[in-house]
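Dock chain X against the given chain B, drawing on the hints supplied.
Residue strings, one per chain:
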Amino acid sequence: MNVPASLLALGDRIRRRLEGHALAALAIPTVLVLAVVFYYPVTTVLIEAVVVDGTPTLATFRRTLQDPFYFGDLARLLAGESPEVVLQNLLSADRQLGIVGFTAYQAALSTLASVALGLPGAYLLARFEFPGRRVLRSVTILPFVLPSIMVAAGFVATFGRTGTLNAVLTAVGLPRLELLYTIEAIVIAHAFYNAPLVTRVTTAAWESVDASAVETARSLGASPLRAFVDVVAPQVYPAVLLGAALSFVFTFGSFPIVLALGGFELATVEVFVYRLVRDLEYAEAAALALVELAISLTLLYGYLRYEAAHTVRSRGARPLPRRSLRPPSGLRTGSLRELLPRAGLAVYVLVAAIVFLAPIASMVWASLTGPTGITLDHYRFLVERQQTGAAFQVRPWDAVRNSLLFGLAALAVALPMGVVVSVLTTREYRGRKLVDAVAMAPLAVSGIVVGLGLLRGLVFGVEIAGTRIAVGGAVAIVAAHAVAGYPFVVRTVAPGLESLDRSLTESARALGASRLRALLDVELPLVWPGVVAGAAFAFAISTGEFSATVVLATGTDQYTMPIAIERFIGRRLGPATAMGVVLLFVTTASFVVIDRLGGDHGGI
Amino acid sequence: MITVGSDPGPPADPSIALELADVTRRYGDTTAVDGVSLRVRQGEFFTLVGPSGCGKTTTLRLIGGFETPSSGTLRFGNRDVAGVPPEERDVGVVFQNYALFPHMTVGENVAYGLRFADPPGDVSRTERVQELLDLVDLSGMADRDPDELSGGQRQRVAIARALAPGPQVLLLDEPMSALDAKLRERLRMQVRSIQRELDITTVYVTHDQEEALAVSDRVAVMNGGRIEQVATPRRVYREPATRFVAEFIGDNNVLSGTVRDVAAADDGTVGDRDDRGEHGDRGEHGDRVATLEIDDAPIRVALPDRPAGVDQGPVHVGDRLTACVRPENLRFDQDPDASRAPAATNALEATVESAEFLGETTRVHLRWNDRSLVGRTRDLLSGSVSVRFDPVDVHVIDVTDAGGDEAIDGRR
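Protein sequence lines correspond, in order, to chains B and X. Residues in the first sequence are numbered consecutively from 1, following my numbering. Residues in the second sequence are numbered consecutively from 1, following my numbering.
Pulled out of the complex, with its shape left as it was, chain B reads as follows:
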């Protein structure tokens, strides 16, 4: 039987129309998911700050702003005291910073430490050639996948009363140091996280400096130093600023590190929001979270404005040639100019090795040692706890299983979302910037707020048209993890899509491919490493996520490995570190995947 040609043509037309709108069709669920699991919960939390018992009021908000406990002497200014008195007080010795002030203070210190520790690394990676340089360069991505609570456990194992630092100090006859529960420990731990970020972005910028620009400057009479100051530095320092801005925002909202290393004594805003949530003081928690969000967003916005005005992009540049780490004229005869930078780098490498390797090594060591020497007791404890633990106690295998399941589920949600958002944000159209901002907001909003919103909204239940809809804690946790993870998918996929030659897609379309087919046939295969890397990121972020999980998993059996570590850490460091090693294993596996398949992810 012959099908009429017109019918065939109609079918063909319908198929084409469907494919033509497939991107829109994919965008809609993405937006819905984002709205349901992020914007709606976060909004409900923020509304709680300004609506008490059904009536809008700024009272909670005002009380928070004027509470010296939060804002220190600044609160008195906001309460209406004369600026002079406040200023005098600020300059005096017994000034009060308040929680917010302290948070900003530790963030500033942490940023300084991160830049100080990160910049020499960028110099080393961008300007010198040595065996293992590439490996080292890719290792700078590690902090992104290392769960912060695990790093905290490592720091406790290093700086604690019986930690490795004190063991070394006693061994060489020096007095013990109490670093735990000091701001120093927090700052060093933050530097552990953010210095590699500074290194990463700075190295990328430094490598993109065109050697011929420097050569031109030199030929025009500039000394090497002048050429650096006039040509290299202006192209590198926006990246340093980016690293610093991100470090500040991250450390300002840091939670697990401060919780584990500072406790409630050295609490930051985020820790206090968590405490208020735990004490069921939701309105005050929301008000405080709103303040925090406002500060973070203002900083990010300020930075983005700056970046838009100052970014210089040079593509396809010939990078500066790398020098050998070995002085070209030998150690004896080398000039000061040759030896000094290399000697400095040697010192740097030593410091960096201590900061970056000691916590991990200490954690592994602590998990394998007890009062009687090397032992597997801590791991045995985990196994026993699994078998005999009471219902209210954390069972290790359950934590591992939950982490893996949540990780896979979060990956299944975050990966398509991230790819769709990448496509939407790399195409040219009006309002693209807004889409970008809306899609990237989860990076700036604290996990506590997301967790709290999901808890109060979807988990406790929402009434829609007379029907009460409630989701289980597990679903909420997966949602929170997906929201935390998909921006990383975007960050690994979007740069690849952006750098693809537009004419590739156009050629495919001229040859008859629909927009969707061009995406599937041409674009995604070409950015596949980025997609895989994004998947590994999403998985690793999920297994390491702490903030939202701790809010959602409290009192349930949906705890994950990071929650288990936190429960153990206060009481038994040994099992906490053993759990940490298990988590490290899982995370390292993700990292290997990222490194094998991800290639260069300059976007982060």
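Since the hints were made in silico from the structure, they are not lab data. Only a predicted model underlies this, so the values are computations on that prediction, with no experimental measurement involved. Where hints are given, some of them may not hold.
Computed footprint of chain B on chain X; a stretch qualifies when at least three of its residues, placed anywhere within it, have a C-beta under 8 Å from a C-beta of chain B [to be verified]: (1) 81-95; (2) 108-122; (3) 157-166.
Even glycine gets a Cβ: it sits at the ideal position worked out from N, Cα and C.
Relative to chain B, chain X alone:
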């Protein structure tokens, strides 16, 4: 100033493959394509040429469906293609950078378009790929990766890929500009012969005027988003419609002056050369000659009676006239006294400023009073020379009425 570019013809003419009517494309405040109208005939090799930023690539992208016109209509045959996405336009596109899919082999690249359409003719997909690779002299390369090929080979793969589904229109966006000069010349002749063989309507974009003249059936010269002239390569070269075309296509000497006298060309000073036949017919010239006054020198110009696509009225004494004469039409005499010979027409006394040896000829830059002239010669020239040219070798670009009552139609 001069309205050109709209070849008159009935709208439903089946010989018109592609038509743009008053197409404009704006980006914010800038207008990339400004009211372009043109018709490309079936099987024609049509070239858009102009300096960078003239709107030629945007015009091509509008035809391909990669850009949407801000206003105006675009038709493929009788079909209005406004809002039709590229994949439904039946076009083949070749980009400057080849845009081969790097994750596919040469064969897979060529076969890609056949995923969405059956191969034309009664052949299988594999046969069609082979056919196309044979066509571009790349038989046996099907299993290579694109990065194993040279630039010229990649571009030929791109052409084969674009042609494989048998498109109605082939669009080429500066396809040669990434190649070196020798290869470019060879490849453009190959493209031209493939185009002839397949008889496929082709729109070609280039900034290289020499390339445009060498391969095209017709050329559209663009400037500032507008079309300055559409004509055959010969016509564009010999009878530029505007000063821009005169100066963009090849070297030229543009002269501008006031008409002092219009007379019948009966005094034997016109057409005294015996090598006329060499450049084809000179049908544009009538039997009248205008004398311009430029820097007190009388310059005689043969007036056209059939001007190039221009509705040009009569020339009057007092009008301002712009004309041009090609460097190869200047003749030189090293003996300066030659220009003082009483019978010499259009004889100027000039000084050689510099010379560029180009191999076959030498391009000489001369100074005449305060003006620059450019000429071509095989002789070694220096110092003072006498420059002469035939009034029939002068092409009138433009006549502006000096304000008399008889304004010249259609040029305001």
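Right, here's what the structure says about each hint:
no. : hint    : in the structure
1   : 81-95   : holds (count 9)
2   : 108-122 : holds (count 5)
3   : 157-166 : holds (count 5)
In this structure, every one of the numbered hints holds.
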